[in-house]
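Peer 1: So the sequences go chain by chain: R and E.
According to the working numbering, the residues represented by the first sequence are 1 to 238, in order.
According to the working numbering, the residues represented by the second sequence are 1 to 238, in order.
Errors might be hidden in some of the hints.
One-sided excerpt, in silico: chain E residues whose CB lies under 10 angstroms from chain R [unchecked claim]: (1) Tyr3; (2) Tyr5; (3) Arg9; (4) Phe49; (5) Asp55; (6) Glu57; (7) Ala59; (8) Phe81; (9) Ala83; (10) Asp87; (11) Pro88; (12) Val93; (13) Val95; (14) Arg148; (15) Ala208.
Because the hints were derived from the structure by calculation, they are not lab data.
The model shown is predicted, which means the values in this text are computed figures rather than measured ones.
Think of the CB as a built atom: it goes at the ideal place given N, C-alpha and C, for glycine as much as any other residue.
Given next are the chains, with one letter for each unit.
There are 2 protein chains.
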Amino acid sequence: MPYTYEYPRPALTVDCIIFGWDGTRELKVLLIQRGNEPYKGQWAFPGGFVDMDEDLETAALRELEEETGMKDVFIEQLFTFGAPNRDPRGRVVSVAYFALVNLNEHKIAAADDADDAQWFAVKELPDLAFDHKKIMAAATARLRGKLRYQPIGFELLPENFTLSELQSLYETILGVTDINKRNFRTRIIKMNVLNEVGMQENVAHRPAKLYAFDKEKYEKLVAEREGDLLRRGMDFEV
Amino acid sequence: MPYTYEYPRPALTVDCIIFGWDGTRELKVLLIQRGNEPYKGQWAFPGGFVDMDEDLETAALRELEEETGMKDVFIEQLFTFGAPNRDPRGRVVSVAYFALVNLNEHKIAAADDADDAQWFAVKELPDLAFDHKKIMAAATARLRGKLRYQPIGFELLPENFTLSELQSLYETILGVTDINKRNFRTRIIKMNVLNEVGMQENVAHRPAKLYAFDKEKYEKLVAEREGDLLRRGMDFEV
DNA sequence: TCAAAAGTGTTATCATTACACCCATGG
DNA sequence: CCATGGGTGTAATGATAACACTTTTGA
Chain R
1 MPYTYEYPRP ALTVDCIIFG WDGTRELKVL LIQRGNEPYK GQWAFPGGFV DMDEDLETAA
61 LRELEEETGM KDVFIEQLFT FGAPNRDPRG RVVSVAYFAL VNLNEHKIAA ADDADDAQWF
121 AVKELPDLAF DHKKIMAAAT ARLRGKLRYQ PIGFELLPEN FTLSELQSLY ETILGVTDIN
181 KRNFRTRIIK MNVLNEVGMQ ENVAHRPAKL YAFDKEKYEK LVAEREGDLL RRGMDFEV
Chain E
1 MPYTYEYPRP ALTVDCIIFG WDGTRELKVL LIQRGNEPYK GQWAFPGGFV DMDEDLETAA
61 LRELEEETGM KDVFIEQLFT FGAPNRDPRG RVVSVAYFAL VNLNEHKIAA ADDADDAQWF
121 AVKELPDLAF DHKKIMAAAT ARLRGKLRYQ PIGFELLPEN FTLSELQSLY ETILGVTDIN
181 KRNFRTRIIK MNVLNEVGMQ ENVAHRPAKL YAFDKEKYEK LVAEREGDLL RRGMDFEV
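Whenever a hint applies, use it, and build me the whole structure from the sequences.
Peer 2: As structure tokens, then:
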């Protein structure tokens, strides 16, 4: 049953770039192995065609679940890719979505159009289908950008975490190894968005305090800072 | 000459949200009066359908010029709007673009599908077609967000400007009136991205120094600060 | 008692805030 | 000589950076 239009139309797809963290010093990203042409057998971001009556975000979540089994993810729109030749099947415009998850709390299982779904270390990605290498670059840039002014570490970490884990995450995403421990802790604690929630147990060294991110406190502070920004005028970096 | 596809496809459009500044204490935005149904006669952002062989950004610039005569604008992608019922003609997904211009250096002239093109004060917008009110909200949020960490004032101002003009612009965009003059100036000057380029003439008060934004200096500093950020670890706002 | 990692004290320096004051011009 | 903006001095406070040190655990 064909669909006919007066003017030609691009096809519309969504793609999901899901970053994951599992406590090792490695940032990962979720890929599926394509089960169909084009690029059959190659790795790509989960995604697919948008249905006519569904929201873009809904389409992204649906495709993500269909292809990887992953549910309950907060995604945000990243960018729309529409270069005329990005897909060999013809003009395909893709709206990319972006999420950060704790890998242990979001189990995956390949299904459907995908032969397989797997986490890959961001530093050791395989060749990607379509223009997904470019999409990956945009996602990485967004990740670092967000790190600058939003508390995204807490989305990647488990609910309770130590300051060393948090620092390790920051170091990994930023690609450095020598953030000053003293100052990192002072700054984080002074922000006043963490609650102490207990202690590590059964570790072969002094047990670390466990913290949890306090979203309410954070949002209250953001609201207050809004006022500060207004009073100051601006703050642009450098 | 109809076009036929195996599965239904949304139509794809672009919209341009162009903010302008003319030296008064008013931020403006560029609208066109629609010449065709739907919403004929109502005001909307310039925009239209994407051609099959053109880039999204190219489409946005083409529509902008066709409908308003405006050329040589730096646009950036804002967001893609795709709610199923945002357009009465059926499923239409729109990629919105965003720009800041100095109003006096970018003259407009209505043409084509538009009956008219005009600058409107952001504070006194007419009813907008489609979901353009929502798009406007997203654009305003982006504008304030950028103000936080990027020197966007200089895109809106003429090449040479006084610090009072700059402050007035910041106050307008942020919607406040009482940024401390002394501190605003100290901060701006310390950033070291402005060059003194002369003096006001023929004003009925002490003539102000004129400044120009030094993009090279700015980019050098951004690159350096990149390193700082890495050393510090993070910086998220509160 | 040792290794490993957690966690703290302190100081010099720099940025920010808040307030009050002086300056140069055209009319 | 005055109204109108333009422009500056400064002191108290708070944030940041740099470095070295102490503490607590399991093995």
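Peer 1: Of all the hints given earlier, name the ones this structure violates by number, lowest first.
Peer 2: When the structure is compared with the hints, numbers 10, 11 and 15 turn out to be violated.
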